[in-house]
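Enquirer: Please build the complete structure, drawing on both the sequences and the hints.
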Amino acid sequence: MTAVLEVNGVPEEPDHVRQIRRGSLVNFWQALRSSKKAIVGSGILLVFTFLSLFPGLIAHDNPSAETYLPSLGTSSAHLLGTTSYGQDIYAQVIYGTRVSLLIAIVAGLLTTALSVVIGVSAAYLGGFADGVLSTFTDIFLVLPAFPLMIVIAAYSKNGGFTIIIAVLVVTGWSYGARQLRSQALSLRNRDFLLAAQLRGERKWRIIVTEILPNMTSLIVASFLGAAVYAVLAAAGLQFIGLGSVNTDSWGTMLYWAQNNDALLTGSPLWAIVPGLGIGLMGGAFALLNYAFDEVNNPALRPVRRKAVSS
Amino acid sequence: MDQIETESASEPILSIRNLSHHFPIGRKIRRAQLHAVDDINLDLYQGEIVALVGESGSGKSTLARLLARVYRPTGGEILFEGRNIATIRSRRDLLSYRSKIPLIFQDPFSSLNPVHTVGHGLLRTLKLHRPELSREERRDSAIATLESVGLIPASEVLNCYPYELSGGQRQRIGFAQAISCNPRLILADEPVSMLDVSVRIGLLNLMTDLRNSGISMLYITHDIASARYVADRLVVMYAGNIVETGPTESVLGNPTNPYTRLLLSAVPDPMVAVKATAGDIGDPPRVIDPGEGCRFRWRCPLAMETCSVVTPPLLPVSEGHEAACHVTMRSVGENIGA
Amino acid sequence: MILEVNDLCVDYVSPQGIARAVDLVNFSLDAGEFLSIVGESGCGKTTLLFSIAQLLSPPAELVSGSVTFKGENLVTLDKSSLRAVRWRDFSVVMQSAMNALNPVLTIRAQFVDVMHAHGQKNDVESDKRFAEVLRLVGIDAVHLRSYAHQLSGGMRQRVMIAMALLLSPDLIIMDEPTSALDVVAQRSLMVQIKELQEKLGFAVIFVTHDISLVSNFSDKLIVMYAGSVVEDGPTREIFEHPSHPYTQGLLSAFPSIHGPKVRLKGIPGSPPSLTQLPTGCPFHPRCAYAMESCSTVRPPVTPVGDVKVRCLLFENAEVHVGSD
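Chains as they are written, first to last, in the working numbering: chain X, 1 to 310; chain Y, 1 to 338; chain V, 1 to 324.
For the record, the hints were derived by calculation from the structure and aren't laboratory data. One or more of the hints may lead you astray.
[What the hints assert, rightly or not] PhoX-like mimics (lysine-lysine), calculated; alpha carbons at most 25 Å apart, straight line:
hint, chain 1, residue 1, chain 2, residue 2
1, X, LYS203, Y, LYS100
2, Y, LYS127, Y, LYS100
3, Y, LYS127, X, LYS203
Remember, predicted model here, so these are calculated numbers, not experimental data.
Expert: See below:
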């Protein structure tokens, strides 16, 4: 095997790469681990994940079984009381975690995927394609989301889960797409992309291997933001009775609680606890989002000042 | 090396003929043309370093990108080994051209992708341009290339991330990528301008070593002193035109074009006392719809009537040395003082 | 003597550790003197500049030392006293005028801002002053109505200098004001600054990485490396007889357009990261003259004629180091 080039062996003044400093990824983890927001946020989500996977370990009753006396108050048998239909509220809350978390994650992922594809393509393709995709994005950005959600969901017949996710994705992708397009545009003029093009890489490969890895922090942040949006919007849709009202989820609990005037008839926990759940889950995603921002942008970290000695 | 012997040393590698490149700017109604490069004629040969010297707005970077086929010129042609590069259509031929005439970038901080190791670009280049190599062979080749640009220990450098290397080391990676596929001529766009002074010399010496092993280089710079240090020939550009060209010592010893003289007088030299010339404050050149005439005339202390009407052509001053100026070229041989 | 810096130390505090950007820096400046601080990237010269101008912000901290300007220690001054001194007694010209000038205000509006901030509300008088400072830097007063982006790079830097002259300060601190300019504009600006200095009598601290740029304009030179001052003395003296091996290396790294073409060596290696400084003399890993003791002993300041050097080679006055 011949050497590619022989410049009389090693040049007179080689550049010794001393002390190779590793650990940018390690620093990232350290920073994330030491961030209070990250700890609280991920703690909450871990609990919710556990509840979603093993609800039976925590709640012993069937959430939809109407086996008990209705509108009971709290007791050791029913930690949160029962609904007007005789269902154990505690069991409902625990089992409801799964659906709410699933909607948040699935809708979040799909929304982000769509944002990435449209936003980054618009930025990299430029010209006419960018014009078309950007106008398309702007249209969806401007459409009023909630009325649109209601209209779509009202015309579907009990699609339930799928319909809610579809509606969330359709109304939620455009915001992220705008942001991702902006960042991709700022990357577009970097020399390393021109270098990739000049060495013969194909366009799609450049997007996937050169551009996207530089955008991971914005993509993750986009996902977390989309998840918050999904939690709250899904709850809202379920509350007004769209999506299947027979599923066990916090939003439907609110629907039924509202329909039975739970706050007035002595079962306030039927409405309050699922509400708290929604708030906590949304809050957890939001905390993670902030923590992520802080770690990525040191300028946002809390500053500790010391007095100057002279 | 085999590839050098088969080419005739007297045939230019790149032949640039009447090259122009204009960018449209402004609104649709009052569209103007920015004349980045106008009427360039230049030949680049085997085993030489040609320095393209000029300030911002001179068109030197545009010329590099035209030669790298980033843009398609609006006028004129570029011939590579006799063939017009605009006619290269197939992906394979284009890849081949790009491997023979690679481009090196100015900014060590943006020329490497921060999320990949520095070996990534090098290995990808090898994979795309030399598909016959196995994975092991690619790696060995990459290591040998890194060593030949002086990055040691090469096998560890391959796994480094850009942030772990200094600016000078990153620029060496740029050189490594350029030489990995047996190039004929490297287009180096201000490769040392953003580096610390004591680091520049190492890279300039590397360029000289590469030239000595047969690779030609087009060294684009605004620093005439470093141009003198490495270049065999000097090409001075102003506002998109070549205003003077020739062997380095000839141009520096007998600068004929007034802009060349201005450039030389502005170079800081600790050993030479400064003459207070607050006159020329270095206004940017006028390249938007410039029309006929010498583009330096607004700043030129020697400007006459003809200068606004007729664009001065490049005329011979001495062996291989040409300059464009109505005033100073009227009596070549007598130095008209500036 | 209008400025005296004593044992100044500035640290950058980060999770990776503490980086000492300025280490026991001492120097003085007389009225009307032109001092250049020269060094490569990462040597701490900009940090030094900011600590003199009291512009440091976290994570940079001034750990110890004093900056005595016209008798007052700037470090201990409270905010309002500092504001009074700022711009009136000393002003700062930043590296990139495009970043320092407000893009949405006219030049005149920014000048007015300065005047108002220092209690000069008489706009008629101020206008006269504006025209005067612009004339001093060679710019037509009509440009008071221009915006920053309408001016060329050289003109923008001149506007910055004019702004710095508004209140006739005794000291102007400049942070690489010519680095964004082309060589012709650069030369012209340097000449202009020197002329103004001779005419108006202010002192200048000029920070740059390009030692050859200041060779003809500077009275005194300070060479910095990895946070320490390695050589300090009259410019001519240092250029003709550089003592510290780093200075020698720096001066020999500039190819010249005059004289014979010689293959230069530069300085092998690269400047160290301030968080991982070598023990002893920070330059010893790259130094051709390094001795045993250089890796353990931090060299004290030794006078060599008019120049002060931090190098163990000069502790014993008999030693001569090749200096061409």
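Enquirer: Confirm or reject each hint.
Expert: Going through the hints against the structure:
1. Distance check on the hinted pair: X:LYS203 and Y:LYS100 sit about 22 Å apart at the alpha-carbon level, within 25 Å; holds.
2. In summary, the hint linking Y:LYS127 to Y:LYS100 is supported, as the alpha carbons are separated by about 15 Å, within the 25 Å threshold.
3. At roughly 16 Å between alpha-carbon atoms, Y:LYS127 and X:LYS203 fall within 25 Å of each other, so this suggested pair holds.
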